[in-house]
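Asks: Read top to bottom, the protein sequences are chains A and B.
In this text, residue positions in the first sequence follow the working numbering: the first is 1, and each later residue adds one.
In this text, residue positions in the second sequence follow the working numbering: the first is 1, and each later residue adds one.
I should point out that these hints are in silico values taken from the structure, not numbers from a laboratory.
Source: prediction; values computed, not measured.
Accuracy of the hints is not assured; some may be wrong.
[To be verified] List time: in silico DSBU-like cross-link candidates among lysine-lysine, alpha-carbon distance up to 35 Å:
id, chain 1, residue 1, chain 2, residue 2
1, B, Lys-652, B, Lys-672
2, A, Lys-79, B, Lys-93
3, B, Lys-677, B, Lys-807
4, A, Lys-79, B, Lys-578
5, B, Lys-93, B, Lys-578
6, B, Lys-840, B, Lys-826
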Amino acid sequence: MTSPRGTVFVERDSYRFRRIMDGARILPVAGFVLILLPVLWSFRSGANIAAEAVYLFALWTALILVAAILSRPLRAGLKRERPPISPDKTRGENRPEPGR
Amino acid sequence: MFNLLIFASLSYVVFLFAIAFFAERRGEALREAGHRPHFLRSPLVYTLSLSVYCTAWTFYGAVGYAARSGLEFMTIYLGPTLVFVGWWWLLRKLVRVGKAQRATSIADLIASRYGKSNAVGVIVTLLALAAATPYIALQLQSISLSFNAFTEDQPVAPRQLALYVAAGLALFTILFGTRNLDANEQHHGVVTAIAVEAVVKLVALVAVGVFVVWGLADGPADIIARISAAARPEWEIQPNRWVGLTLLSAIAIVTLPRMFQVLVVENSDETHLATASWAFPLYMMLMSLFVLPIAVMGLTILPAGTNPDLFVLTLPKALGQEGLAMLAFLGGFSAATSMVIIASIALSTMVSNHIVMPLWLASRGSQGQGAGDMRALVLNARRLSIAVILGLGYIYFAVSGGGRALAAIGLIAFVGMAQVLPALIGALYWRGASRTGAATGLLLGSAVWLYALFLPSFGPDVVFSAALLEHGPFGISWLVPYGLLGVQGMDPLLHALFWSLALNTTGFILVSLFSFPNPVERVQAAQFVNVFEISGRGDGVMAPGWVRAGANSESEVEDLLISAQRLMGATEAQAFFKAEALAQGKGGYLPDATPDFLDRLERELAGSVGTATAHAMIVQISGSSHVSVEDLMAVASEAAQIMEHSAQLEAKSEELARTARQLREANEMLQKLSVQKDSFLSQISHELRTPMTSIRAFSEILMDEDGVNREEQVKYAGIIHDESIRLTRLLDDLLDLSVLENGQVNLDIQPGNLSELLDRALIASNSVQPERNFAFLRQPADEQIALSTDIGRLTQVFINVVSNSRKYCTASEPVMRISVRRRADKVVVDFVDNGAGIPKKSQALIFEKFARLTDTHQAGGAGLGLAICREIMHNLGGDIAYVPGQGGAAFRVTFPAVFNRAPVQKPATGPMRGKRVNRPQDAAE
Numbered sequence: 001m002t003s004p005r006g007t008v009f010v011e012r013d014s015y016r017f018r019r020i021m022d023g024a025r026i027l028p029v030a031g032f033v034l035i036l037l038p039v040l041w042s043f044r045s046g047a048n049i050a051a052e053a054v055y056l057f058a059l060w061t062a063l064i065l066v067a068a069i070l071s072r073p074l075r076a077g078l079k080r081e082r083p084p085i086s087p088d089k090t091r092g093e094n095r096p097e098p099g100r
Numbered sequence: 001m002f003n004l005l006i007f008a009s010l011s012y013v014v015f016l017f018a019i020a021f022f023a024e025r026r027g028e029a030l031r032e033a034g035h036r037p038h039f040l041r042s043p044l045v046y047t048l049s050l051s052v053y054c055t056a057w058t059f060y061g062a063v064g065y066a067a068r069s070g071l072e073f074m075t076i077y078l079g080p081t082l083v084f085v086g087w088w089w090l091l092r093k094l095v096r097v098g099k100a101q102r103a104t105s106i107a108d109l110i111a112s113r114y115g116k117s118n119a120v121g122v123i124v125t126l127l128a129l130a131a132a133t134p135y136i137a138l139q140l141q142s143i144s145l146s147f148n149a150f151t152e153d154q155p156v157a158p159r160q161l162a163l164y165v166a167a168g169l170a171l172f173t174i175l176f177g178t179r180n181l182d183a184n185e186q187h188h189g190v191v192t193a194i195a196v197e198a199v200v201k202l203v204a205l206v207a208v209g210v211f212v213v214w215g216l217a218d219g220p221a222d223i224i225a226r227i228s229a230a231a232r233p234e235w236e237i238q239p240n241r242w243v244g245l246t247l248l249s250a251i252a253i254v255t256l257p258r259m260f261q262v263l264v265v266e267n268s269d270e271t272h273l274a275t276a277s278w279a280f281p282l283y284m285m286l287m288s289l290f291v292l293p294i295a296v297m298g299l300t301i302l303p304a305g306t307n308p309d310l311f312v313l314t315l316p317k318a319l320g321q322e323g324l325a326m327l328a329f330l331g332g333f334s335a336a337t338s339m340v341i342i343a344s345i346a347l348s349t350m351v352s353n354h355i356v357m358p359l360w361l362a363s364r365g366s367q368g369q370g371a372g373d374m375r376a377l378v379l380n381a382r383r384l385s386i387a388v389i390l391g392l393g394y395i396y397f398a399v400s401g402g403g404r405a406l407a408a409i410g411l412i413a414f415v416g417m418a419q420v421l422p423a424l425i426g427a428l429y430w431r432g433a434s435r436t437g438a439a440t441g442l443l444l445g446s447a448v449w450l451y452a453l454f455l456p457s458f459g460p461d462v463v464f465s466a467a468l469l470e471h472g473p474f475g476i477s478w479l480v481p482y483g484l485l486g487v488q489g490m491d492p493l494l495h496a497l498f499w500s501l502a503l504n505t506t507g508f509i510l511v512s513l514f515s516f517p518n519p520v521e522r523v524q525a526a527q528f529v530n531v532f533e534i535s536g537r538g539d540g541v542m543a544p545g546w547v548r549a550g551a552n553s554e555s556e557v558e559d560l561l562i563s564a565q566r567l568m569g570a571t572e573a574q575a576f577f578k579a580e581a582l583a584q585g586k587g588g589y590l591p592d593a594t595p596d597f598l599d600r601l602e603r604e605l606a607g608s609v610g611t612a613t614a615h616a617m618i619v620q621i622s623g624s625s626h627v628s629v630e631d632l633m634a635v636a637s638e639a640a641q642i643m644e645h646s647a648q649l650e651a652k653s654e655e656l657a658r659t660a661r662q663l664r665e666a667n668e669m670l671q672k673l674s675v676q677k678d679s680f681l682s683q684i685s686h687e688l689r690t691p692m693t694s695i696r697a698f699s700e701i702l703m704d705e706d707g708v709n710r711e712e713q714v715k716y717a718g719i720i721h722d723e724s725i726r727l728t729r730l731l732d733d734l735l736d737l738s739v740l741e742n743g744q745v746n747l748d749i750q751p752g753n754l755s756e757l758l759d760r761a762l763i764a765s766n767s768v769q770p771e772r773n774f775a776f777l778r779q780p781a782d783e784q785i786a787l788s789t790d791i792g793r794l795t796q797v798f799i800n801v802v803s804n805s806r807k808y809c810t811a812s813e814p815v816m817r818i819s820v821r822r823r824a825d826k827v828v829v830d831f832v833d834n835g836a837g838i839p840k841k842s843q844a845l846i847f848e849k850f851a852r853l854t855d856t857h858q859a860g861g862a863g864l865g866l867a868i869c870r871e872i873m874h875n876l877g878g879d880i881a882y883v884p885g886q887g888g889a890a891f892r893v894t895f896p897a898v899f900n901r902a903p904v905q906k907p908a909t910g911p912m913r914g915k916r917v918n919r920p921q922d923a924a925e
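Let's have the full structure, built from the sequences with the hints guiding it.
Replies: In structure tokens, the structure reads:
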């Protein structure tokens with residue numbers, strides 16, 4: 001995606017980024033709903049602890065994977081938006097620039 | 001065994017000290033060299049430091065929890081997973097705001113948001129203390145329990161051991177947590193040590209897990225089968241607790257002071273959050289993965305009465321794996337100590353900033369001066385706080401006897417800190433949240449928590465009598481601690497969580513809706529809620545502070561410098577002040593106390609003593625009170641005035657530019673006019689001199705009586721006469737022209753007939769070259785037009801045109817066609833001859849003064865004829881123009897049949913007119 005077609009591609013990139021942000025927002029909600037599934041299962045017949053455990057860990061892994069996949073473009077977005085915070089101030093250096 | 005354990009523990013502790021020490025040294029060295037410590041501040045270290053959430057509770061308590069309640073332990077980690085996976089929502093804003101406001105603790109953040117009020121900070125601090133103390137006790141308990149699990153033959157008195165451990169932890173924390181008053185409250189050494197401990201924790205637990213799954217059992221499938229086999233009825237998921245605990249842990253990960261410390265305060269780069277969003281859940285998942293297998297195997301293999309909390313230790317130990325057990329012990333030790341260290345740092349910061357410093361400040365009164373370095377005071381306050389906090393934890397442990405299941409304590413603490421949530425969410429997302437609302441919510445929630453969960457948890461007859469627990473105070477059944485308002489039979493934890501949060505939120509919202517925040521609150525609210533729009537770069541110092549009436553006296557600035565020196569250190573404070581003064585264009589060390597400067601100074605100090613204290617200090621010294629809404633409005637209207645003024649200035653400058661342009665054009669025109677005037681004058685003088693020369697010459701000859709005979713006398717006199725006539729005519733023409741140009745001509749308006757005019761003109765012009773036989777073609781019918789205009793002058797024009805034609809038409813058989821047309825109320829007369837015509841380049845020239853196309857003097861005119869004609873026609877409201885392409889010289893004379901005395905839109909007069917070519921008809925009719 002590097003052919004310079006001017007504004008068209010820029011639009012698409014920012015659109016994609018917004019959709020990624022949306023995805024990042026949906027993820028915890030979806031995760032929460034899915035975490036509640038075992039609750040519904042236990043309303044049925046007896047508890048199958050092992051199956052629920054396997055399910056939960058699989059869900060957990062999936063959440064981690066999705067978060068990892070989303071984290072890269074989001075991080076790039078953060079870097080684009082602002083330079084990283086560097087409050088590591090040396091003595092007398094990196095003081096907030098007065099008057100600016 | 002005992003000695004080995006002591007030895008292992010001590011060497012581990014030394015190892016941790018060493019790590020912390022070297023990390024601190026490296027951090028300082030890098031700082032002084034001006035670099036950022038990259039490894040020390042890498043996403044990896046950040047994520048590992050977050051593991052301080054997994055305390056001894058995780059290491060030991062989770063297994064016990066699993067053994068008792070099945071999968072419910074997972075909720076403690078699923079909640080934070082959701083929060084971290086959704087970091088883009090909440091955590092990002094939290095970190096951004098925390099950095100922008102340079103919050104040193106969660107109490108500081110909340111206090112800063114709600115008008116930099118210390119009262120709110122105090123409430124949160126006390127709440128945190130109450131919630132953290134049992135948790136610290138829990139860690140101490142787990143250490144002593146695990147120690148004794150190793151040394152059954154030589155049991156150590158738990159209290160004694162806990163005392164040593166507490167003392168050792170206090171020492172470590174004081175050494176590495178209070179080395180300096182870093183403006184950002186970052187502790188490289190401690191964080192690195194915590195990260196190392198995180199690795200040890202993980203490795204230990206995973207090692208035991210691997211041992212269990214592949215060593216004791218036969219792989220994952222076998223373990224799953226065993227889990228199914230060992231499943232008990234009480235392992236069934238209880239929906240209420242499942243949901244409630246997930247939510248509770250999600251809240252806790254954000255509100256726990258130690259989590260705020262590592263998440264926000266120790267954060268050096270917001271983008272690390274992106275990594276932590278998946279890495280930290282991964283860590284938690286790995287920690288949780290083997291919990292259930294270990295629990296199951298423990299239940300299966302170990303004798304029935306064994307404490308399930310300690311399976312991680314006892315299982316390998318019972319099976320002869322001493323090394324593994326030792327590793328597990330170190331893992332548990334790491335888990336416990338890392339929590340205590342970070343929690344005490346966080347809590348001591350809160351206590352010193354919100355309790356000690358304000359008290360000290362109040363006791364000092366209005367004197368800003370004092371002996372000694374204030375930094376030392378702050379640091380000592382911190383150290384004392386650490387000791388006190390650990391002391392409280394120890395006391396709690398000693399008093400409570402350490403018998404309860406570990407899990408319960410942890411969750412009680414979670415519910416306590418959860419009371420901060422409404423105020424926190426309101427701080428970040430609701431501009432209408434006010435200080436009184438937050439305080440109300442916090443107090444209500446804390447009260448419910450204390451009454452319904454914390455105090456009863458000590459057991460009956462410790463704080464609350466058994467009767468009270470059963471029937472409520474004074475028998476009021478609505479106030480039974482575990483069944484408020486008739487909600488009986490609910491799980492106590494969930495019950496307390498529900499009621500505390502419900503009353504907290506309700507109080508918070510209601511009071512916020514009805515209260516009116518002061519200006520500081522409102523400004524802070526805007527800064528918090530809109531942090532993503534405001535913070536443009538850097539660490540958020542750009543976030544605008546609030547307007548204050550600036551203190552102006554120099555002595556106040558000096559007081560500020562003194563206080564700053566005592567808090568920041570002499571060199572740093574002076575450097576800061578000097579830089580500010582320089583930026584303001586002053587020399588020396590004392591800048592003007594502008595609102596901007598005071599803002600920045602407050603922010604600097606906030607990093608050391610917390611927002612509320614720094615704010616109070618600045619206010620105390622600079623004496624400026626908080627700004628009123630009126631002031632804000634005055635500033636706003638001033639700003640509006642300034643904007644208007646500048647808009648006016650812009651308009652004026654535009655106008656000036658335009659005027660300058662016009663002046664320049666006029667100047668250029670005037671210069672051209674001047675040039676033209678010069679050439680005009682030179683032409684005139686030339687024209688006038690020529691006849692004068694002849695006259696002088698011949699009159700000189702005549703004066704000489706001898707050499708001239710009568711005949712010659714007559715001849716020369718005649719020449720003189722002719723020349724003077726010519727001169728007179730020229731002067732007349734000039735006068736005429738100037739009169740016409742200046743519009744001062746007296747027009748003699750008479751009625752007439754065009755046909756007659758043309759007749760007269762032709763007869764008069766016959767005198768020019770009469771020998772030539774000029775034929776005239778006319779159409780008498782068209783010429784019958786009644787005119788009311790200056791007849792004489794019009795005839796003059798006609799005569800001129802026809803005479804010119806007679807003079808210049810070169811055809812052998814000259815013919816002139818005169819055609820007359822009417823166009824609206826104008827008459828158009830065309831004079832077209834069949835000569836050679838006038839070349840294009842001369843067509844404009846002929847109407848100029850003194851312009852003669854052929855050799856001068858030949859035709860005997862001065863070249864003013866057409867110029868005069870043009871002026872006359874303009875004066876009569878018409879025009880004369882040359883019409884090209886008619887086969888010969890063609891002149892068109894246009895004029896209104898009836899002269900209109902209304903002011904005619906004359907084109908510019910004077911020498912300027914020479915520029916125009918074939919002027920269009922005059923517009924004004």
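Asks: Among the hints numbered above, which are violated by the structure, and what are their numbers in rising order?
Replies: none
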